Amino acid sequence: MRHFLSCVSIAVLLGATSSFADDPRTLVVSEWGYTPKESQEYLYKPFELENNVKVVIETGNNADRLNKMKIRGGVDVMFITDAFSQQGIDDGVFAKIDPKLLPNLADIYDVAKAPQGAEWGPGYTVGRYGIIYDTAKVKPITSWKDLWRPDLKGLVAVPGFTTTTGPVTVVVAGDRVGVDAFSNPDAAFKSLAELKPNIRKTYLSGSELTNLFSTGEVTVAAVQDFAVPAIMKAIPTAKWAPLDEGAFLVFNTLNIGAKSQNKELAHAFINYRLSPDVQKKFATVGDGTVNKKVSLTPEETKTMAYGPEEIAKLRKTDFAKIIKAKSNWSGRWDEVFGQ
Amino acid sequence: MKRQLGRSLPLLLVLPGTLVVLAFLVLPVLGTFSGTIGPAGNRLALYETFFANSNNMRIVLRTIRIALIATVISLVFGFVAASVIVRTNGFLRQILLVASVFPLLTGAIVRSFAWMVILGRNGIINSTLMSLGVIDQPLTLLFTEGSLMIGLVYLFTPLAILSLMGVLESIDESVLDASASLGATPFGVFRQVTLPLAIPGLIVGGVLVFTGSLAAFATARLLGGESQKILPALLHEKAMVSFDWDAANTIAVVMVALTVVVIVAAQYTARRFNPVAG
Chain H
19 MRHFLSCVSI
29 AVLLGATSSF
39 ADDPRTLVVS
49 EWGYTPKESQ
59 EYLYKPFELE
69 NNVKVVIETG
79 NNADRLNKMK
89 IRGGVDVMFI
99 TDAFSQQGID
109 DGVFAKIDPK
119 LLPNLADIYD
129 VAKAPQGAEW
139 GPGYTVGRYG
149 IIYDTAKVKP
159 ITSWKDLWRP
169 DLKGLVAVPG
179 FTTTTGPVTV
189 VVAGDRVGVD
199 AFSNPDAAFK
209 SLAELKPNIR
219 KTYLSGSELT
229 NLFSTGEVTV
239 AAVQDFAVPA
249 IMKAIPTAKW
259 APLDEGAFLV
269 FNTLNIGAKS
279 QNKELAHAFI
289 NYRLSPDVQK
299 KFATVGDGTV
309 NKKVSLTPEE
319 TKTMAYGPEE
329 IAKLRKTDFA
339 KIIKAKSNWS
349 GRWDEVFGQ
Chain S
8 MKRQLGRSLP
18 LLLVLPGTLV
28 VLAFLVLPVL
38 GTFSGTIGPA
48 GNRLALYETF
58 FANSNNMRIV
68 LRTIRIALIA
78 TVISLVFGFV
88 AASVIVRTNG
98 FLRQILLVAS
108 VFPLLTGAIV
118 RSFAWMVILG
128 RNGIINSTLM
138 SLGVIDQPLT
148 LLFTEGSLMI
158 GLVYLFTPLA
168 ILSLMGVLES
178 IDESVLDASA
188 SLGATPFGVF
198 RQVTLPLAIP
208 GLIVGGVLVF
218 TGSLAAFATA
228 RLLGGESQKI
238 LPALLHEKAM
248 VSFDWDAANT
258 IAVVMVALTV
268 VVIVAAQYTA
278 RRFNPVAG
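Those sequence lines, one after another, are chains H and S. With the first letter of the first sequence counted as 1, position 55 gets the number 73 in this note's numbering; the numbers rise by one all the way through. With the first letter of the second sequence counted as 1, position 133 gets the number 140 in this note's numbering; the numbers rise by one all the way through.
These aren't lab readings, by the way, just hints derived from the structure by calculation. Any given hint might turn out to be false.
Each pair of labels, with its calculated beta carbon distance range [what the hints assert, rightly or not]:
| id | chain 1 | residue 1 | chain 2 | residue 2 | range |
| --- | --- | --- | --- | --- | --- |
| 1 | S | I132 | H | E353 | 26 to 34 Å |
| 2 | S | I116 | H | P215 | 26 to 34 Å |
| 3 | S | N60 | H | L119 | 26 to 34 Å |
Computed from a predicted structure; not experimentally measured. Cβ atoms here follow ideal geometry from the backbone N, Cα and C, with glycine treated the same way.
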């Protein structure tokens, strides 16, 4: 019995010490889960191997994840669009970034280095909010105003109000009638109400929209370009519309949780995502690159905004202003779409 | 000493379970409810704010209306199906029973998705009608109140069937024969004998279907559009998106209150129609 007990205790000690030596640190990353296969292959697995780290992923959409972080923290690095990271900054859930720990930041386009201020996370990819349509079923679209065309009755999808670009659609509606949605919401929402007969559904996620396209429920959608590769795969005749007024600029940012215990590792992760190698790989899933050292062929840049000139042409979205207008606009949106 | 322990033993054995239920069910729910009590002088402040918002009122009324209609339709279908099953015997009855209950084996989301395939613009119904030449443009069937209703009825009719089967089976054939022999028409037999005797099953089934429809988050999200937003979807939005916990707590209380009202009303109706039941 004693012999047996001593064998067991030695085995346990050996097991415990060996696992302590190899015990990898854990980095909790919060992201959308939209491209799981590619993210594992291009980003998480290489990072894990290089740094002896275990990456734990939490997925969901922007609003859900930001609110979970507000309530219980527990996230080291968060992928989030600038609409919501602005909110996160206002609510104090992010930690300040130390640029010294991000050597790759020097190679990033100036506009993307720190879109919300030097103390906060970089824009690791540039996205556009524009229109995609099925060329086989829809006559060419060249302007935001075309969404209101009568031949598109019941064929259009727009984002829901609680998404990143939902409120931007209100700005678009205002532009259509020549008003600033922030100072004249009445006119802007009147214009938006005129769009209602064309709208099949308001969607809350990229995957929901991809489904709507692939089942043929909609043939035109106002959408961010991250969803374009998946939609084009489902509908080969889909095309990103060249818009007279231009598409809107949306940054996806990387930020660090205020309560994170792994801030240094988090910085290393962000730096890794900004590296030319990783940036180039993610171009294949439609993530526009922001690293100057990455060069892509025109074929590869078909579905994204590429280069500082093209990025400069995009319309800036004032998300700080949108956040202030949100509670007012929310009620108006419900009046239009909620009945 | 041993006898005293013997008498309090049942109490002691039940205590751990009771404490767990108290700690993890009763207290958190009470916490949610107490969160909706306003400041002194205006205890109903949060409810006033909530119901003053026209969109919230619209959603509450819409939720009740949809749940009531789904309940009635499910009970009718369930009653018919249960009557048929009760009248069959042997292998056929087993098959019918399995066929009724089978949908319950798959999750609500899968079942809602099935209807998206059937009702879609390129779905089974539209393709069939178009190929038959009945229509030349696809009908808009999805993301309407109709599609949501279909989804809810499909989801909850099995529950109605199961609730009604037991009750219908226990109705003695001789009672029905006796009333017929006393001059009651078939419809009279149904209205004055079968229906009152089936009340307990109708109540159980009705409450299950109503409360299920009240809380059908996935079905509403998948089969309904933004004009079909119901309370659970609003609750999710307030809690997880707008971070408006006051409104979320209020909605939770409203949903529980609706459920209690329905149960009490159902019990009262039951006692009126069938003094033996309830």
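For each hint, the structure was consulted:
A beta carbon spacing of about 32 Å between S:I132 and H:E353 agrees with the range 26 to 34 Å that was offered as a hint. Taken as a hint, the range 26 to 34 Å holds for the pair S:I116 and H:P215, whose Cβ atoms sit roughly 30 Å apart. Taking the beta carbon of each, S:N60 and H:L119 are about 46 Å apart, not inside 26 to 34 Å as hinted.
When the structure is compared with the earlier hints, a violation turns up for hint 3 alone.
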